[in-house]
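With these hints in hand, go ahead and build the complete structure from the sequences.
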Amino acid sequence: MKIFWKVIVAVIAFSLLGIMIVLGTAYIKSVERHTYLADNKVLSDKYVYEEFSNGKKRVKNRATQQVILDRLEWLVTGDKADSLAVFCRKGKRGYLNCYTGEVVIPAQYERAWVFSEGLAAVMSGGKIGFIDRQGRTVIPPTWSYPVGSQEMDYLFKGGYCAVFDNARQCGLIDRNGQWKVAPRYDYIYMPEEGLRILQKGDRWGVLGDSLQILMPVEYDWLKIVPEGIVCIQGGKQQVIGKDGKTVVRPFVYDAILPLYYSTGEYFDNGEERMNRSRYFSYSVWNPKGNRYGLMDAEGKRITEALYSDIEALSEDLYLCSIEDGLYRITLNYNR
Numbered sequence: 291m292k293i294f295w296k297v298i299v300a301v302i303a304f305s306l307l308g309i310m311i312v313l314g315t316a317y318i319k320s321v322e323r324h325t326y327l328a329d330n331k332v333l334s335d336k337y338v339y340e341e342f343s344n345g346k347k348r349v350k351n352r353a354t355q356q357v358i359l360d361r362l363e364w365l366v367t368g369d370k371a372d373s374l375a376v377f378c379r380k381g382k383r384g385y386l387n388c389y390t391g392e393v394v395i396p397a398q399y400e401r402a403w404v405f406s407e408g409l410a411a412v413m414s415g416g417k418i419g420f421i422d423r424q425g426r427t428v429i430p431p432t433w434s435y436p437v438g439s440q441e442m443d444y445l446f447k448g449g450y451c452a453v454f455d456n457a458r459q460c461g462l463i464d465r466n467g468q469w470k471v472a473p474r475y476d477y478i479y480m481p482e483e484g485l486r487i488l489q490k491g492d493r494w495g496v497l498g499d500s501l502q503i504l505m506p507v508e509y510d511w512l513k514i515v516p517e518g519i520v521c522i523q524g525g526k527q528q529v530i531g532k533d534g535k536t537v538v539r540p541f542v543y544d545a546i547l548p549l550y551y552s553t554g555e556y557f558d559n560g561e562e563r564m565n566r567s568r569y570f571s572y573s574v575w576n577p578k579g580n581r582y583g584l585m586d587a588e589g590k591r592i593t594e595a596l597y598s599d600i601e602a603l604s605e606d607l608y609l610c611s612i613e614d615g616l617y618r619i620t621l622n623y624n625r
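Numbering-wise (the numbering used here), the sequence shown opens with residue 291 and increments by one.
Just so you know, not all the hints are guaranteed correct.
Using 25 Å as the maximum straight-line C-alpha spacing, the simulated BS3-like pairs for lysine-lysine come out as follows [unchecked claim]:
id: 1; residue 1: K513; residue 2: K526
id: 2; residue 1: K380; residue 2: K350
id: 3; residue 1: K526; residue 2: K590
To be clear, the hints were calculated from the coordinates, so they are not data collected in a lab.
Below, the structure written as structure tokens:
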């Protein structure tokens, strides 16, 4: 009798195991059936990086379909001329040759960036240093990685790279790790048109291609464009040449709008009659929000863009808000 019940229990156990295997297999097939390729990046003629809807990321051979590197968290390539891509696996960073499929530098760094001018920034022990394409240390880990510096590219351009010191001040180093621009700024941006923008607090300046101060750090905002440097100071926006002195365009604005005021009269349908004022409102971008000024129909600037808002009260009377409405003044421009 005991043998009989043992047989029954064994049959039930094997039956349950079989059911679990069938259900598990069905679930896996269901997941696979609903998993799709969300994105891919061609690394070379031979290899491709794939990202799937279930979060799976891998590198595989395009011809053989063989997976050469899986369980990746991400992979980033540099410019097209660079054969090495940086990847993250199990929280560590390493480098993959996009043409051979070989992991040339194992995943060992806390953070890592793409190569530029033969060097790549890597973090080890909480400090940033630089390695060459063989993984050899060229500049020992020296510089801090402060909170809020995630947007820093740590790329060499023209022989220089922006890094932070221990006081979270930004400067430029050369390929030997020597300071060439002392760390005294909050941020130094990547060069555009051969020029770098400097930022300290809410003030902006420009560094020339020879690392000379082209424009002092005293402007409300700066932007480098092909024709020169767009600068804003004291509500005035203009374009300065790349020499930092020549005025290319003395008056530049972002947008222009007509201003209307109430007449106190109404149409038969109840709609209020509005008249257009003599002057137009023009806007200038500002880090704290757009600023507005007045200009005439010929494009002549009547006031600087100093106001957070301008409202027409009559043909020649305007209510202007300063400091986002904390103060308001009235401007009267008669014929």
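Quick rundown of the hints versus the structure:
For the suggested pair K513 and K526, the alpha carbons sit about 14 Å apart, so the restraint of at most 25 Å is met. For the suggested pair K380 and K350, the alpha carbons sit about 18 Å apart, so the restraint of at most 25 Å is met. Restraint check: the Cα-Cα separation between K526 and K590 comes to about 13 Å, which is no more than 25 Å; the hinted pair holds.
The structure shown violates none of the earlier numbered hints.
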